[in-house]
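Can you join these two chains into the complex? Each is in its own frame, and there are hints to help.
Now for the letters of each chain:
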Amino acid sequence: MHSALSSLSFSQVTTVPRSNYAFDSHSSAFALSQPLNLRFCGLRREAFGFSSLTQSCSGRVHVSSRGLSKKISASAVGNGTPLKSFDYDLIIIGAGVGGHGAALHAVEKGLKTAIIEGDVVGGTCVNRGCVPSKALLAVSGRMRELQSEHHMKALGLQVSAAGYDRQGVADHANNLASKIRSNLTNSMKALGVDILTGVGTIVGPQKVKYGKVGFPDNIVTAKDIIIATGSVPFVPKGIEVDGKTVITSDHALKLEFVPDWIAIVGSGYIGLEFSDVYTALGSEVTFIEALDQLMPGFDPEIGKLAQRVLINPRKIDYHTGVFATKITPARDGKPVIIELTDAKTKEPKDTLEVDAALIATGRAPFTNGLGLENINVVTQRGFVPVDERMRVIDANGKLVPHLYCIGDANGKMMLAHAASAQGISVVEQVAGRDHVVNHLSIPAACFTHPEISMVGMTEPQAREKAEKEGFEVSVAKTSFKANTKALAENEGEGLAKLIYRPDNGEILGVHIFGLHAADLIHEASNAIALGTRIQDIKFAVHAHPTLSEVLDELFKSAKVKAPASSSPVSEPVAV
Amino acid sequence: MAHILRTSFLPSTSSRHRTPVSGPKGKPQALQVKAKIREIFMPALSSTMTEGKIVSWTKSEGEKLSKGESVVVVESDKADMDVESFHDGFLAAIMVEEGGVAPVGSAIALLAETEEEIAEAKAKSQSSSSSSAQVVEEKPKQKEDVEPAVPAAAPVAPAVSSPKAVALGSAVHPASEGGKRIVASPYAKKLAKELKLDLGALVGTGPMGRIVAKDVEAAAAAGVVAASESAPLPASPAKAAPVAPGIELGTVVPFTTMQGAVSRNMVESLSVPTFRVGYTLTTNALDALYKKIKSKGVTMTALLAKATALALVQHPVVNSCCRDGNSFTYNSSINISVAVAIDGGLITPVLQDADKVDIYTLSRKWKELVDKARAKQLQPHEYNTGTFTLSNLGMFGVDRFDAILPPGTGAIMAVGASLPTVVASKDGRIGMRNQMQVNVTADHRVIYGADLASFLQTLAKIIEDPKDLTF
Numbered sequence: 001m002h003s004a005l006s007s008l009s010f011s012q013v014t015t016v017p018r019s020n021y022a023f024d025s026h027s028s029a030f031a032l033s034q035p036l037n038l039r040f041c042g043l044r045r046e047a048f049g050f051s052s053l054t055q056s057c058s059g060r061v062h063v064s065s066r067g068l069s070k071k072i073s074a075s076a077v078g079n080g081t082p083l084k085s086f087d088y089d090l091i092i093i094g095a096g097v098g099g100h101g102a103a104l105h106a107v108e109k110g111l112k113t114a115i116i117e118g119d120v121v122g123g124t125c126v127n128r129g130c131v132p133s134k135a136l137l138a139v140s141g142r143m144r145e146l147q148s149e150h151h152m153k154a155l156g157l158q159v160s161a162a163g164y165d166r167q168g169v170a171d172h173a174n175n176l177a178s179k180i181r182s183n184l185t186n187s188m189k190a191l192g193v194d195i196l197t198g199v200g201t202i203v204g205p206q207k208v209k210y211g212k213v214g215f216p217d218n219i220v221t222a223k224d225i226i227i228a229t230g231s232v233p234f235v236p237k238g239i240e241v242d243g244k245t246v247i248t249s250d251h252a253l254k255l256e257f258v259p260d261w262i263a264i265v266g267s268g269y270i271g272l273e274f275s276d277v278y279t280a281l282g283s284e285v286t287f288i289e290a291l292d293q294l295m296p297g298f299d300p301e302i303g304k305l306a307q308r309v310l311i312n313p314r315k316i317d318y319h320t321g322v323f324a325t326k327i328t329p330a331r332d333g334k335p336v337i338i339e340l341t342d343a344k345t346k347e348p349k350d351t352l353e354v355d356a357a358l359i360a361t362g363r364a365p366f367t368n369g370l371g372l373e374n375i376n377v378v379t380q381r382g383f384v385p386v387d388e389r390m391r392v393i394d395a396n397g398k399l400v401p402h403l404y405c406i407g408d409a410n411g412k413m414m415l416a417h418a419a420s421a422q423g424i425s426v427v428e429q430v431a432g433r434d435h436v437v438n439h440l441s442i443p444a445a446c447f448t449h450p451e452i453s454m455v456g457m458t459e460p461q462a463r464e465k466a467e468k469e470g471f472e473v474s475v476a477k478t479s480f481k482a483n484t485k486a487l488a489e490n491e492g493e494g495l496a497k498l499i500y501r502p503d504n505g506e507i508l509g510v511h512i513f514g515l516h517a518a519d520l521i522h523e524a525s526n527a528i529a530l531g532t533r534i535q536d537i538k539f540a541v542h543a544h545p546t547l548s549e550v551l552d553e554l555f556k557s558a559k560v561k562a563p564a565s566s567s568p569v570s571e572p573v574a575v
Numbered sequence: 001m002a003h004i005l006r007t008s009f010l011p012s013t014s015s016r017h018r019t020p021v022s023g024p025k026g027k028p029q030a031l032q033v034k035a036k037i038r039e040i041f042m043p044a045l046s047s048t049m050t051e052g053k054i055v056s057w058t059k060s061e062g063e064k065l066s067k068g069e070s071v072v073v074v075e076s077d078k079a080d081m082d083v084e085s086f087h088d089g090f091l092a093a094i095m096v097e098e099g100g101v102a103p104v105g106s107a108i109a110l111l112a113e114t115e116e117e118i119a120e121a122k123a124k125s126q127s128s129s130s131s132s133a134q135v136v137e138e139k140p141k142q143k144e145d146v147e148p149a150v151p152a153a154a155p156v157a158p159a160v161s162s163p164k165a166v167a168l169g170s171a172v173h174p175a176s177e178g179g180k181r182i183v184a185s186p187y188a189k190k191l192a193k194e195l196k197l198d199l200g201a202l203v204g205t206g207p208m209g210r211i212v213a214k215d216v217e218a219a220a221a222a223g224v225v226a227a228s229e230s231a232p233l234p235a236s237p238a239k240a241a242p243v244a245p246g247i248e249l250g251t252v253v254p255f256t257t258m259q260g261a262v263s264r265n266m267v268e269s270l271s272v273p274t275f276r277v278g279y280t281l282t283t284n285a286l287d288a289l290y291k292k293i294k295s296k297g298v299t300m301t302a303l304l305a306k307a308t309a310l311a312l313v314q315h316p317v318v319n320s321c322c323r324d325g326n327s328f329t330y331n332s333s334i335n336i337s338v339a340v341a342i343d344g345g346l347i348t349p350v351l352q353d354a355d356k357v358d359i360y361t362l363s364r365k366w367k368e369l370v371d372k373a374r375a376k377q378l379q380p381h382e383y384n385t386g387t388f389t390l391s392n393l394g395m396f397g398v399d400r401f402d403a404i405l406p407p408g409t410g411a412i413m414a415v416g417a418s419l420p421t422v423v424a425s426k427d428g429r430i431g432m433r434n435q436m437q438v439n440v441t442a443d444h445r446v447i448y449g450a451d452l453a454s455f456l457q458t459l460a461k462i463i464e465d466p467k468d469l470t471f
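So the sequence lines, in the order shown, correspond to chains A and B. Counting along the first sequence from 1, when you hit position 193 you're at 193 in this note's numbering, and nothing is skipped either side. Counting along the second sequence from 1, when you hit position 284 you're at 284 in this note's numbering, and nothing is skipped either side.
Among the hints, erroneous ones may be present.
Derived lysine to aspartate or glutamate pairs resembling EDC-like cross-links, with alpha carbons at most 20 Å apart [claimed, not checked]:
#, chain 1, residue 1, chain 2, residue 2
1, B, K190, A, D260
2, B, K64, B, E113
3, B, K190, A, E353
4, B, K59, A, D292
5, B, K189, A, D536
Don't read these hints as lab results, they were simulated from the structure.
Chain B with its partners taken away, still in its complex shape (with noise of 0.2 Å):
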């Protein structure tokens, strides 16, 4: 405590403000020269004030500071004011959050001289929370309450903000000169920046390929239901929710983020010209490949993921995507999106570069990419760059259904059971096979019907005879 010089920061004018403030106890001011580390103290904006709010921090830890320059904006009993830095330095740490309140002369932050000092300087607002107890009782008690409140507060944060440089196939927009930029409207970048989202990983839907507002919006709606639930929230209603599931009948519920952005997807979906396509596939063949090579950690849907990307690499069209109604994308990569239920809503977890990964490799993603959806923390990138989507119901029994095309793609499948089914062949005998309906939903706009149609034949032969699923 004893090199640190009892500083303060004040308001830019007003003489009248400048000079009561100079710290509760007015240390001598030959301390500055040693001085380091220096407080940032709550300054006393008018002579009624007692204590402030912290509105915002206008620079945040670690950045630079120059003298003048605002560094968090107060709320005293009267008016919101910028407070100003008094000295150069590096915001270091901060000790008073946003919406925190704080006794006028007490210290809020800590300012660092030089970079290498940010880290000491943050011991030293762990210690001094404690230290600073005597001179104010109330402030170490505000510090826990605010604590545990950050990961409450931005819980996307920790989940989302890390997929800096993913390499992602399908994620070019057409306005960015072939990926070199991100073009991203003002609101869409302010809503990043607040959400900690990174706009590369984000696919635009705007003009011209534009990442605007709603794009971010729907990655980061995703991406709190893959986050909330690895928060540690003391009382998280998603939590609540199974142990109580009692339903009050009548009543009016809002939306949840997650629902807002379905609903929204789903309303945009409808300016999507659409039709659909039928198809009856012989299982048999692949049954019998999936009892073979269940133990080795196979699954159905790996398969399935497996079977109807090598029908894509014969099919670009099918795999290609319309976003602007003026041109399309055949995307680079063929990533399949499978729709999985989780609590409260439906995320599609995907499977990359499904045409050239192995099937084993491609079951092990795929358990994890479960594990991680149910356990909320899927990435963007693992939930939004899908190119072709897969939806299973036959799990359920349902032996067909059509389905909804996600905005943004071209094709999506509906895969119904596959069920034993009396055919009769073509030499005139009747026999039992394993019969599954799938039906593609495509945009007219650039999928027509006989690509469909052949995309489905191909498919057909890939599932009837699987050998090439292995390779």
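Next up, chain A with everything else stripped away, as it sits in the complex (with noise of 0.2 Å):
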């Protein structure tokens, strides 16, 4: 273990060697040749309070004299000191994005933070979700415009045929996922952040073990624990999944072979976002949808035009209103065999027999061996229960004190950057600031071609809450046909979509179906979260001609009743 932790250690000169028992013998003489990242020294007050000032010689390199100082000896400052009596302030269990977020704004708040990993860093969106399925799509974009043909010459281009190298395509997404992997390690380890390689479980309140299998466990303690466990591919019982021809997103994003023909089970963003990728390298695809209609979760507006031009002209069929009760892997020359079961009558449908099939029904939290069971926690179907401040809550419905959880593992909203956001609310209640996520604030996004983003509710959620609230909701729409940016990339397809109270103007909720939907939505999202009306943001200025001006549009369209309220400028700003 010695010889493997220093050599560790030498691979990492340019980054701040982390402090360990077994560091001793070299902590001193990196500590001098260390360039310590000295930007990132959070010496706090409640830092200082727990360490000699006088020992500390430049106030950049914390030196404590305490009983705990060898842990510590090599460390920059940024990471804080823990508590008296813990190892450390906070003990992210999961390093995905959403424990990733949390430790870096614990540090920026002075907490001495660790964070165990039991895979590998940057947890399912990282490594098997949405960066690698991003270097896909970005293939499959490109694909899709080159094979356009009639879009081509519309532009006035000649391309001659179109064509891809899947281990290319494969090794582009892969090495997206270590680049983006090795960049989350790197921010982690420069802010000092203590990355514990094992399965971690939590033994009592305040205290984890952790331990690679083979290897003796540590136990660690700390103030507060943030579970961040994430989630795994769900697969339905029935389904057989041998990973070459019934696969689930893990396998596919490996991209190891281009079926001709593929069954989706599942038509949510996963499923959207393959069938995009798979129909642009030249698969054929079958929808399998348990729902009466394609794309459920969507505002059925969107998802309509969605279907529109995502589904129908592709090379897509689909069966909807079905499950997919039993499907065999390919095997003795016989195609994958999947039995469709009618979702209400529960009687035998049809049998499909195709080349591949892709199990996107969505993701089960990934909660077992977490050791919830010593300090009384049941997971509901796996997820760990929350309150809105994500305290877990315990059997008898109490709060456990100094424990959290967050991202996928509570099933809240499985969404990366919701995980981060909450991971940060965990944070700033930890650091005394009381903090609520609003979920209607946060954006998700389906990254086919074109994309589809959206934040807050569907038009029916907000009509029903306004039915039971009492107010009125009205609906603003505009086209991506009327807009100058949008026609001159020849890509007019589109609608954004906005639910909103016209008495006080509040944003309920911005659908968007166009071209660079994902990034135009966080205009709208800001504005939720921030409480901006539309009353005021319809006079902020957008560049022409862009696609933002698509929401500015939108927002002028809207017929709001109250007055803009009085301008944020209070003196006339002269140019």
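See below:
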């Protein structure tokens, strides 16, 4: 272990070496030779409180005189100092996007932070989710453009037949994942977050054990603990995943083969994005959706338009209102066989024979082995129950002190950036400032071509709420067809939809389907987060010609009865 | 017109849009009770919209509609919008076809309340195109524009969609559990629907015998050729060709659909390992027979097809085919397809069950097929179900050639001219015989040299002693 650790530290000469018991013999040498990253020197009042100022020669390098000094002797001070009786102020179990966001914010708040990761830093998003899929979608977007003769011709371009190299595409996705993974790792190391390797298990209040299989477990204590263990692909029973012909997104992202015909079970974000990738690479796709309509969860109007653009003209067909009750991988010269059962009558409906099947039926929380039983917490369908402040609730409905759960593991909103937002919110609370995440202000995006994005409520949700609470709801829409930039790109297909209260101008939801929708949504999500009203934001200026004018038009087309609030600029600003 | 209520179809959401489109005249609501056939109007989708273009009808005539379902997609000056039905009923008649433009407020379709009223509504739509002339000047004119375009846009439809329950011995998909199910890829299904082709009549060449897009395209290409002359096109390029046969030298001409299909098939044939076996047949007896029964309408092609079919009965392997490279199929019927040159291409009408049908019926059938091929009216099962192909260039005086094996079949026989030849007989005399060279190209994955040799021997026996041909 010793040699392994020292070689590890040598390979990281540009980063600040982390302290460890095993490091002792090297630590002083390193302390001298290291270009310490001082920008993140987060020496705060509370941190000083537990260290001796006199021993800290410059105030930049902190050498503690306490019993724990061995552990932190070579560390940059960025990571704060733990409270007296604990090893850390904050331990985060799981180094996905949620844990990473929380760790960075914790360091900023001066907390001594450790993050436990049993697999690879970056979690699902970076290694098996959003990140590699964006690489594949970048390829599919370009392929689609190059293959669209009509589109190219309209722009006056001539391109001879476009082709692709499967391995090259797969490598691009893989390289992107490793690059982002090392970025994440480095950013945490640079700040001085301790990365503890192994599976983390809660053994008692404020106490976590971690360790790799075959090594003795280490036990660490922390004032606060955040569970951020994320999720894994959900595979319904009856489906046999072999990783080759019956696959989940984990396998699909490696793009080991491009089947002629692939069935995608589930038409949510994951299924839709993969249908975009596979059809661009030449596959034909059959969607299997349990609900009566494709793309459940999207605003119905957006879903309808999306179906007309993303499904109907492509080499895709679909079965709705059916369950894939049994899927057998291809073997013995037989294709993948999928048995479909009617979702309502539960009677067998059809059998499909395809080259491959992708299971995209959602994700299940990864909370097994967390040791929740040790603190009397019972999961609900695997999710860790939490209150609106992400505080874990135990079997008796009481809050477990100092324990939080963020991200997919709590199931509130299974999005990487939602997990990060929740993590930051928890750190705020831990650092003494009350904070609650407004989930209605968290945007979501589906990176098809064109993209779909949304924030807040769908129209049916808004109307239901309006009925209950007795307010009026209005809808405004603008089309990409009327946007100069979109037309210049020859991508006029698209719609932006605003759901709002005409009485006070509150934005209830915004849904966009069109070119770069995922980048456009943030004006709306920020407005919701900051409570900006339509009557005010409509005076904000947008550069011309840009796609963001789609939203500009959208806000301007809303009919709000409330007058604009007084100008935020109290005095005229001359130019 | 009195009982037709001016209701309208509107986009689902925007409350803003909901009000202004209750029809230009706004008839009293009370009439709604009696209304049986309703008009669907072009809605105003924005304040600046004066006319809308029909992007697509999401429902077709005769289809049932329920309230709230989208019927048509309309393109306004700003966006494409789904227009939903406000009533249950049946879409009885579409008055403005896809791609057509109609002013806001004009009727674009009729909605019948019950199935029985569809016919009534259809009749109404015919008359209303003239009666609504004073309301909307543009519309009747436009309707005339649209209507002749219908057969032009879908020439395949009338010719090809009919053969629904044709029993096809050879069209068994290995993937379909003995023909119980049709296994076709999503795109193949989509294409077949667009081209109005019956998937049941196609033979799949994809993995495990599934029907893939190129099967549909190939069938459609053949179908288009077969059907295009039958369609009453005002200025069909196919007709223009013989009038102006001038070929501009030095120009690059893109493939027609048929040439594209042929090109694909030819390239695909390269993936099949073929070999050739030739044989010289003496045709004196056959020629004598032909002379004797020619007056009864028997053709040489029919005789050759019959002789070949009878020989195939004894050599089923030569009538087999290998589609996936892992297995092969002994075809249950002997369907002899015969290559026929037609304007701008080639088609292979099929003499089905040539071994079982008597020579006179076969000859009549052949004449009918040739007539149909010339008229481009062949239906898919009449040109794509062959199990063995004959190609005869003898009429041009060609004495020998070899043919390329059509994908999906096991063998093709190239037939040369029957020419008087001086031959030495076994008893040492010199004599004159009519001799014809044939050359069979076969898929060596399933058919071996000895198979072809013995098949040709059998064929020679039949042709040299043709009494069985007329049984």
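We went through each hint and held it up to the structure:
no. : hint              : result
1   : K190(B) x D260(A) : holds (16 Å)
2   : K64(B) x E113(B)  : holds (9 Å)
3   : K190(B) x E353(A) : holds (17 Å)
4   : K59(B) x D292(A)  : holds (18 Å)
5   : K189(B) x D536(A) : violated (51 Å)
Hint violations for this structure: number 5 only, all remaining hints satisfied.
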